[in-house]
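Trainee: Read off the chains here:
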Amino acid sequence: MSVIYVLWLREVKRYMRSRAQIIGSLGQPLLYLLVLGFGFGAVFERAGQGSYLQFVAPGVIGMGILFTSIFSGIGLLWDRQFGFLKETLVAPVPRLQIMAGRTLGGATIAVIQGALVLVVCILAGFRPQSFAGVPLALAFMALIAIVFAALGTAIGSTLRDMQGFQLIMNFLIMPIFFLSGALFPLENLPTALTIATRLDPLSYGIDGLRAAFIDVSHIGVMVDATVLAVLAALFLILGSWAFSKIQV
Amino acid sequence: MIKVQALSKVFGDPKSDKAVKAVNDVTFEVEKGEIFAFLGPNGAGKTTTIQMLTTLLQPTSGSMTIDGLDPVADPLEVRKRFGIVFQDPSVDMELTAYENMDLHGVLYHMPRKLRTERIETLLTLFELWDRRKSLLKTFSGGMRRRLEIARGLLHTPKILFLDEPTLGLDPQSRNQLWTLVKQLNETEGVTVFLTTHYMDEAERTAQRVAIIDHGRIVAQGTAQQLREQTGADSLEGAFLKLTGTTIRDEASTSADQMRQMAKMWQRGRR
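Protein chains in written order, with our numbering: chain V, 3 to 250; chain X, 3 to 272.
Same shape as in the complex, but just chain V (with noise of 0.2 Å):
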């Protein structure tokens, strides 16, 4: 447990060092936040859906959890050739161990990014319905946080070099974003769309954020839960199989 513990504890102390990347990573969320949230707030209000950055904030929250997240996981490929993990490698300590305390710290990370998107997104005019629907938000934070953390670590373990980064942040994490129903309501779509949609493990994340923040959900909250708890076993059990894997 202790190993665990350091570990993570590394993690947040790096976070909690960096200043120019805490407010750094803030920069896009408040672009898509201000930009698109009052850009796209007329036309929202005149289709009949109330406010469009009442509807944008949990995305918007949402995907500030999934790059910090996936990109904790990823800084693997880095933290191999020039950091740390070749020393914790090395240690007489099971691998599964330090997949854990790494994947754990950088989902922590994670979730404090999103409570600071939050606070931004308060601060821009965002209203949630109810307090008493924060503690299920920030159970879905986690959740988010961890599924895309593990991920991540699956990533970052088998990736081999940086160009590969590209393919992943174009193939695969915007996807992910465009497609998870942070910036439009998943209601009437095409077809292909709907699917695409569904298959995106953060559109169940959006949802129980909406849910959560301003009561409105479209897939339903115990689905959301469930699809993210299994998601989030999955991907830990793939981390730590790949990450069992690396060799340096």
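If you are wondering where the hints come from, they were derived from the structure by calculation, not from laboratory data.
Virtual Cβ for every residue (Gly too), placed ideally from N, Cα, C.
Watch out, some of these pointers could steer you wrong.
Stated by the list, open to error - Sample of chain V residues lacking proximity to chain X, with all beta carbon distances greater than 10 Å (derived):
| id | residue |
| --- | --- |
| 1 | V45 |
| 2 | E89 |
| 3 | V92 |
| 4 | P177 |
| 5 | I197 |
| 6 | R200 |
| 7 | A235 |
Said to hold, decoys possible - Part of the chain X face toward chain V, derived, beta carbon under 10 Å:
| id | residue |
| --- | --- |
| 8 | T56 |
| 9 | L59 |
| 10 | S63 |
| 11 | P77 |
| 12 | V80 |
| 13 | Y100 |
| 14 | D104 |
| 15 | L109 |
| 16 | R153 |
| 17 | M260 |
| 18 | M263 |
Guided by the hints, dock chain X onto chain V, whose structure is given.
Mentor: Quick look at chain X alone, frame taken from chain V:
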């Protein structure tokens, strides 16, 4: 302390033509308390051998023991017995010197009291105690290397592996580093297994030398024996006579490409 018998590592399918024999039927022994230099041109198989000895890579055939234990069968026990300094840095730049050391102690299951005492002893010896609260990213290349060696010795290993530890350091830092390694070899009796491209360092520091080329050991013995054997007046001369003067152009690996990028991004860091 280290026994290697007919060790081979083949990358790729052994039956195809593309298979690369990185290490080919290598046999050697390192005595307890000895400083042993493992020398060879780029791509000769030095790092691959170290990776197999340190449980990071599985051998294709052959056998080895570290302090009587098999790294393949018993990796966790073997890992407790050695410390290692890798070719590329493996410290955490965002943590302080002390935190890096402490984390290592926890990973090696050292009790807190022992940990604190030994960290202070080693950091003092390596002249880093005054800087213990500084983040590693503010350290010079030589200081980082010193910290890595201090860290490798923290859990009082029986063997210390040093894979090109002086790469990119100025003569002063290199000199200081080897003085410290020799000193600890004498006081703590730690066996040292090192690789380097600086022949003068190997000649001054190591009691015995093995030269590996194209995955095979071409000579081993004391530096003097190798000089006599080849009729050269220095170990460097002997090395060149044994391995030839052809430049080894290795195919660039993903690690090399990342090293290139690391150089561009973190100029002046190492």
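Trainee: All hints are to be evaluated individually against the structure, with a verdict given for each.
Mentor: Hint check:
Chain X leaves V/V45 outside its interface by the beta-carbon criterion, the shortest separation being 42 Å against a cut-off of 10 Å. Consistency note on V/E89: stated as away from chain X, yet its beta-carbon is not over 10 Å from all of that chain's, at 4 Å minimum. For V/V92, the condition that its CB be more than 10 Å from all CB atoms of chain X is violated, with the nearest at approximately 6 Å. Every CB of chain X lies more than 10 Å from the CB of V/P177, the least distance being 25 Å, so the non-interface label holds.
Every beta carbon of chain X lies more than 10 Å from that of V/I197, the smallest distance being close to 36 Å; the non-interface claim holds. No beta-carbon of chain X is positioned within 10 Å of the beta-carbon of V/R200; the least distance is around 36 Å. Interface exclusion of V/A235 from chain X stands, the closest Cβ pair being 26 Å apart, more than 10 Å. For the restraint placing X/T56 at the interface with chain V, the shortest Cβ-Cβ distance is roughly 6 Å, inside the 10 Å limit, so the hint holds.
For the restraint placing X/L59 at the interface with chain V, the shortest Cβ-Cβ distance is roughly 6 Å, inside the 10 Å limit, so the hint holds. Interface hint status for X/S63: violated, as the beta-carbon distance to the closest one in chain V is roughly 18 Å, over 10 Å. Given hint, X/P77 at the interface with chain V, holds; its Cβ is 8 Å from that chain's nearest Cβ, closer than 10 Å. About 8 Å separates the beta-carbon of X/V80 from the nearest beta-carbon of chain V, less than 10 Å, and the hint is met.
Interface hint status for X/Y100: violated, as the beta-carbon distance to the closest one in chain V is roughly 12 Å, over 10 Å. Because the beta carbon of X/D104 sits about 8 Å from the nearest beta carbon in chain V, less than 10 Å, this interface hint is met. Proximity of X/L109 to chain V holds as hinted, the smallest CB-CB distance being about 4 Å (cut-off 10 Å). At its closest, the beta carbon of X/R153 sits 8 Å from a beta carbon of chain V; the interface hint therefore holds under the 10 Å criterion.
Hint status for X/M260 relative to chain V: holds, with the closest Cβ pair at about 5 Å, below 10 Å. For X/M263, the interface hint holds, the least distance from its beta-carbon to any beta-carbon of chain V being 7 Å, beneath 10 Å.
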